[in-house]
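**Student:** Chains A and B are the protein sequences, given in the same order.
With the first sequence counted from 1, adding 49 to any position gets you the numbering used here.
With the second sequence counted from 1, adding 11 to any position gets you the numbering used here.
Quick caveat, the hints were computed from the structure, so don't treat them as lab data.
Bear in mind that the values here come from a model prediction, so they are computed numbers and not experimental data.
Positions of the beta carbon are idealized from the N, C-alpha and C atoms, including for glycine.
Hints may be right or wrong, so weigh each one.
[Said to hold, decoys possible] Stretch-level coverage of chain B by chain A, calculated; a stretch enters the list once three of its residues show a Cβ under 8 Å from a Cβ in chain A:
hint, segment
1, 63–77
2, 114–120
[As the list claims (entries may be wrong)] Quick list of the computed label-pair ranges, beta carbon to beta carbon:
hint, chain 1, residue 1, chain 2, residue 2, range
3, B, Ala13, A, Lys105, 26 to 36 Å
4, B, Arg26, A, Gly65, 46 to 56 Å
5, B, Thr25, A, Gln63, 45 to 55 Å
6, B, Thr18, A, Ile69, 17 to 27 Å
7, B, Lys68, A, Glu64, 27 to 37 Å
8, B, Arg78, A, Asn67, 39 to 49 Å
9, A, Lys117, B, Gln28, 23 to 33 Å
10, B, Glu63, A, Gly132, 18 to 28 Å
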Amino acid sequence: GESVGLHLPTLSVQEGDNSIINCAYSNSASDYFIWYKQESGKGPQFIIDIRSNMDKRQGQRVTVLLNKTVKHLSLQIAATQPGDSAVYFCAENESGGSNYKLTFGKGTLLTVNP
Amino acid sequence: KAGVTQTPRYLIKTRGQQVTLSCSPISGHRSVSWYQQTPGQGLQFLFEYFSETQRNKGNFPGRFSGRQFSNSRSEMNVSTLELGDSALYLCASSLSRGMGIQYFGAGTRLSVL
């Protein structure tokens, strides 16, 4: 999920396949994580969140996995549809301190081929 | 329930000018955060307001400022615009501080010529 410079990691899948988008986060004190989806010309849209006391959380067609040992998040999308094509961001937050802000990864561009 | 509303959607300014962007949070939300999004740097935190007070600030120069009103609506201001300020400015609101989903508006696209 992390990108270097201007280049977004890209993932291209066929309609109906499952997609897995990965994200490495930076702050070991982060205890709350969110996945967002951003379509062209729109603001980020909430998909699913997970707290650090959980390893896995499921939503409708989406699952988030959290591995705190290696500071890694993944978003799994089942039966990917063309409407899922977008840039996906992971975001982390350290809620215990006085800082309340989301730190975003660079994003992954998901393209779903019909 | 209406979402986060940002106005205007698009702005074109020239270097040296100043600009004010507006954000109306979701009704009942008291925390408003601002982010700058550029192709090179991605989404970067600018500042957060809660109860009309700036609670947290990102690593941006003093030309970037903001405020929050008693109805939780927020504005951000950029003075002495530079070409590098061209970006999508996003506002997000949440019920309160700490953990919680931040809901984003569609953003204001600022172009500095």
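**Student:** For each hint given before, does the structure comply? Return the numbers of the non-compliant ones in rising order.
**Tutor:** 6, 7, 9 and 10
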